[in-house]
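2 protein chains.
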Amino acid sequence: MAKRNVCVIGVGMTKFERCDRDFTDLVQEAVTQAIEMAGVAPTDFEQAYAGYVNGMSTQGQRALYMMGIGGLPVYNVHNYCSTGSTALHLGYQAVASGMNEYVLAFGFEKMQKGPLETQLQGLKETLGQDADKKPPIAAVIFGDGGRQHMELYGTTKEQFAKVSVKNHRHSVNNPRSQYREACTLEEVLASRLVYDPLTLLQCCPTSDGAGAAILCSEEFAKKHRHSDPVKIVAQAMATDLPEDFALGALGMIGVGMSRRAAGKVYEQAGLGPEDVQVIELHDCFSTNELVTYESLGLCKEGEGGRLIDEGQVTYGGKWVVNPSGGLLSKGHPLGATGLAQCAELVWQLSGRADKRQVEGARVGLQHNVGLGGACVVTMYRKG
Amino acid sequence: MAKRNVCVIGVGMTKFERCDRDFTDLVQEAVTQAIEMAGVAPTDFEQAYAGYVNGMSTQGQRALYMMGIGGLPVYNVHNYCSTGSTALHLGYQAVASGMNEYVLAFGFEKMQKGPLETQLQGLKETLGQDADKKPPIAAVIFGDGGRQHMELYGTTKEQFAKVSVKNHRHSVNNPRSQYREACTLEEVLASRLVYDPLTLLQCCPTSDGAGAAILCSEEFAKKHRHSDPVKIVAQAMATDLPEDFALGALGMIGVGMSRRAAGKVYEQAGLGPEDVQVIELHDCFSTNELVTYESLGLCKEGEGGRLIDEGQVTYGGKWVVNPSGGLLSKGHPLGATGLAQCAELVWQLSGRADKRQVEGARVGLQHNVGLGGACVVTMYRKG
Numbered sequence: 000m001a002k003r004n005v006c007v008i009g010v011g012m013t014k015f016e017r018c019d020r021d022f023t024d025l026v027q028e029a030v031t032q033a034i035e036m037a038g039v040a041p042t043d044f045e046q047a048y049a050g051y052v053n054g055m056s057t058q059g060q061r062a063l064y065m066m067g068i069g070g071l072p073v074y075n076v077h078n079y080c081s082t083g084s085t086a087l088h089l090g091y092q093a094v095a096s097g098m099n100e101y102v103l104a105f106g107f108e109k110m111q112k113g114p115l116e117t118q119l120q121g122l123k124e125t126l127g128q129d130a131d132k133k134p135p136i137a138a139v140i141f142g143d144g145g146r147q148h149m150e151l152y153g154t155t156k157e158q159f160a161k162v163s164v165k166n167h168r169h170s171v172n173n174p175r176s177q178y179r180e181a182c183t184l185e186e187v188l189a190s191r192l193v194y195d196p197l198t199l200l201q202c203c204p205t206s207d208g209a210g211a212a213i214l215c216s217e218e219f220a221k222k223h224r225h226s227d228p229v230k231i232v233a234q235a236m237a238t239d240l241p242e243d244f245a246l247g248a249l250g251m252i253g254v255g256m257s258r259r260a261a262g263k264v265y266e267q268a269g270l271g272p273e274d275v276q277v278i279e280l281h282d283c284f285s286t287n288e289l290v291t292y293e294s295l296g297l298c299k300e301g302e303g304g305r306l307i308d309e310g311q312v313t314y315g316g317k318w319v320v321n322p323s324g325g326l327l328s329k330g331h332p333l334g335a336t337g338l339a340q341c342a343e344l345v346w347q348l349s350g351r352a353d354k355r356q357v358e359g360a361r362v363g364l365q366h367n368v369g370l371g372g373a374c375v376v377t378m379y380r381k382g
Numbered sequence: 000m001a002k003r004n005v006c007v008i009g010v011g012m013t014k015f016e017r018c019d020r021d022f023t024d025l026v027q028e029a030v031t032q033a034i035e036m037a038g039v040a041p042t043d044f045e046q047a048y049a050g051y052v053n054g055m056s057t058q059g060q061r062a063l064y065m066m067g068i069g070g071l072p073v074y075n076v077h078n079y080c081s082t083g084s085t086a087l088h089l090g091y092q093a094v095a096s097g098m099n100e101y102v103l104a105f106g107f108e109k110m111q112k113g114p115l116e117t118q119l120q121g122l123k124e125t126l127g128q129d130a131d132k133k134p135p136i137a138a139v140i141f142g143d144g145g146r147q148h149m150e151l152y153g154t155t156k157e158q159f160a161k162v163s164v165k166n167h168r169h170s171v172n173n174p175r176s177q178y179r180e181a182c183t184l185e186e187v188l189a190s191r192l193v194y195d196p197l198t199l200l201q202c203c204p205t206s207d208g209a210g211a212a213i214l215c216s217e218e219f220a221k222k223h224r225h226s227d228p229v230k231i232v233a234q235a236m237a238t239d240l241p242e243d244f245a246l247g248a249l250g251m252i253g254v255g256m257s258r259r260a261a262g263k264v265y266e267q268a269g270l271g272p273e274d275v276q277v278i279e280l281h282d283c284f285s286t287n288e289l290v291t292y293e294s295l296g297l298c299k300e301g302e303g304g305r306l307i308d309e310g311q312v313t314y315g316g317k318w319v320v321n322p323s324g325g326l327l328s329k330g331h332p333l334g335a336t337g338l339a340q341c342a343e344l345v346w347q348l349s350g351r352a353d354k355r356q357v358e359g360a361r362v363g364l365q366h367n368v369g370l371g372g373a374c375v376v377t378m379y380r381k382g
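Going down the list, the sequences are from chains H and W. With numbering that gives the first Met the number 0, the residue at position 90 of the first sequence is 89, and numbering never jumps. With numbering that gives the first Met the number 0, the residue at position 7 of the second sequence is 6, and numbering never jumps.
Treat the hints loosely; a few may be bogus.
Identical chains share a label here; the pair holds if one copy fits it or two copies do between them.
[Unchecked claim] 30 angstroms max Cα-Cα, derived DSSO-like pairs, lysine-lysine:
(1) K2 / K221
(2) K299 / K263
(3) K263 / K2
(4) K299 / K222
(5) K156 / K299
(6) K263 / K221
(7) K317 / K299
(8) K317 / K221
(9) K317 / K354
(10) K222 / K2
(11) K156 / K133
The set of hints was computed from the structure by calculation and includes no laboratory data.
Chain H with its partners taken away, still in its complex shape (with noise of 0.2 angstroms):
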């Protein structure tokens, strides 16, 4: 497999909140905010990628044609909560590859009216749960997942409830995440149980939003002026195995494809965890940020607990995770939450980040993943 360095030199995003816009007024801000980073004109990409799981079809087209970008091919794609990773996962192939110099990756999602909820109908019913009564499918599936790993190694409601705390006091510095107050341990826990051990605090909210990346050839970045642009270094998708399924609760929420898809990242990169300063990955739910410590290497299986308790994860710490606040504070707009990832870490890598900006990052890890399923990682490197 040919492959070579891709560089992303424009990124965007709009603030993610429930709004009355229009996706295609969506996606126009956060790709005028990648356009205007990269300095390149639009008529040039030669593909696009568009990431949404709601709505009709060839929307990605539409958005495009209304900022007079057209003629191109255009991939409307998903694999719901991944959408974001999924669209930049295939820019990425078309430019590492070297069949593309310049490509456009955007997302976007209206989330108004529940439509998670209403894509998981299926797997609700398989579940065998009464819509009206239950909670939403995904505070069980994730609670389930957080209540096997209490079970397996003693992590406590108090750690799982740490990663809402942390992740909240980091979105105080983000702009474009939906909820920006800190709240105490005391808080969190006392917040409405959603599905035990969750509570309200540690499920992300209800967001409509957009982002996109720009990426390009690193001879193509030269070419326009930039001379030392962040690049994705490494990146893997992967789905489910059998086996995964045997893990019971930790299976389902996809812990064997985020463990096989950090091991081809750092593989392909010749880069482990030790060597990166800044993660964004997939905390929809707080048990899912403290699994994804273990899945992505920071610590071995059943000490992600540990890690929150000793400051590791946030700023002071090894790594810093979720500085923009993560899902539970930006919200997850589904098609939108993997480019906001990858905004997030461009801007750290390129010392954009404000407030949030997590000093002497190098290098940085993505972690997006949805339940039937795909997890897309990437590892991004400044110079």
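Since the structure of chain H is already known, use the hints to place chain W on it.
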């Protein structure tokens, strides 16, 4: 752009028909046919591209998991009526670029509840139509395109109807086609008027189905004892440009996209329409087949009617267009159509088309267009 030929060593498709079978069952049948033809272990697929318009996300994974195929990257993609070819095009690029050696593209659709109508509801509202009283929106758009062609070039209703007569005649020999009855010109013209000039027998029926194609490098094909496989020698996708819509109704049905995609393919291949013997093109309505003769350069603009009058597009003519019976006979399950066209051409070029066989076929052309939109044109060659 580094490019190499891509071999299609396995294809398959279900019979297209209204049925109660689950999509996973349909996919399994189509993919199993393709695997049997390829004679390679399915667990070796490096990536998979799943095309469908309607349904929950990650159905591509679900269909593969049911066959025991997991772990690999899976991309769920759509582009309305060209969804199948969109999956095929991503698979093609993965191999043509040198990134992958062996990938799977498949597509499926359950069409029973009129999902195209649901999907096009937004467009219908834009056009100010009353959903209950007016003909299906697709018939309106493709009917208007036909009427503009009549006004501009003197094309007749009989010429459009002859397209249906030809394709239904071809379908008699295709056991996978929903409709397999020949009909006379009088019968086509006398069938219920859907939207002038389109009568019922000039509209594709509603069908469920699945299709699949296995793509690999020439090296991989040789290693697995495919001594002379059918190759994709060129493929291109085009989307709309603002100036296309200035063409009026003909612009709406994708004439601009079709011309540009075909032009790119001829340029990439170094071959022209005169080098082609067999064509599968997007005859969702009879009008679109006739118009597409011109978009593909089989004749000059305005001369499509002459081609059908002269019998140049059937057995004994210059090209055999839609030997499968086309969408008009087979039906048009959105995600499956592009893969079914591919399957027919691979069968034709490898001498597997039984009573439909086009003698001396060495080069085939595929055209699949989706409003909204995207057009994919593909050139296949034997040897």
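Tested hints:
For the homomeric pair K2 and K221, the shortest alpha-carbon distances inside one copy (18 angstroms) and between copies (24 angstroms) are both at most 30 angstroms. Taking CA atoms no more than 30 angstroms apart as the test, K299 paired with K263 passes inside one copy only; the shortest distance there is 18 angstroms, against 53 angstroms between copies. In the homo-oligomer, the alpha carbons of K263 and K2 lie at most 30 angstroms apart both inside one protomer (14 angstroms) and across protomers (26 angstroms), since each shortest distance falls under that limit. In this homomeric assembly, K299 and K222 never come within 30 angstroms of each other (Cα to Cα): the closest approach is 44 angstroms inside a single copy and 42 angstroms across copies.
In the homo-oligomer, the alpha carbons of K156 and K299 lie at most 30 angstroms apart inside one protomer (19 angstroms), although the nearest pairing across protomers, at 73 angstroms, exceeds that limit. In this assembly of identical chains, the alpha carbons of K263 and K221 lie at most 30 angstroms apart whether taken from the same copy (28 angstroms) or from different copies (28 angstroms). In the homo-oligomer, the alpha carbons of K317 and K299 lie at most 30 angstroms apart inside one protomer (15 angstroms), although the nearest pairing across protomers, at 68 angstroms, exceeds that limit. Within a single copy, K317 and K221 get their C-alpha atoms no closer than 33 angstroms, and across copies no closer than 50 angstroms, so neither meets the 30 angstroms cut-off.
For the homomeric pair K317 and K354, the shortest alpha-carbon distance inside one copy (19 angstroms) is at most 30 angstroms, but the shortest distance between copies (69 angstroms) is not. Taking the shortest alpha-carbon separations for K222 and K2, both the intra-copy value of 20 angstroms and the inter-copy value of 23 angstroms come in at or below 30 angstroms. When the C-alpha separation of K156 and K133 is checked against a cutoff of 30 angstroms, the pair qualifies only within one copy, where the shortest distance is 21 angstroms, while the shortest distance between copies is 59 angstroms.
Hint violations for this structure: numbers 4 and 8, all remaining hints satisfied.
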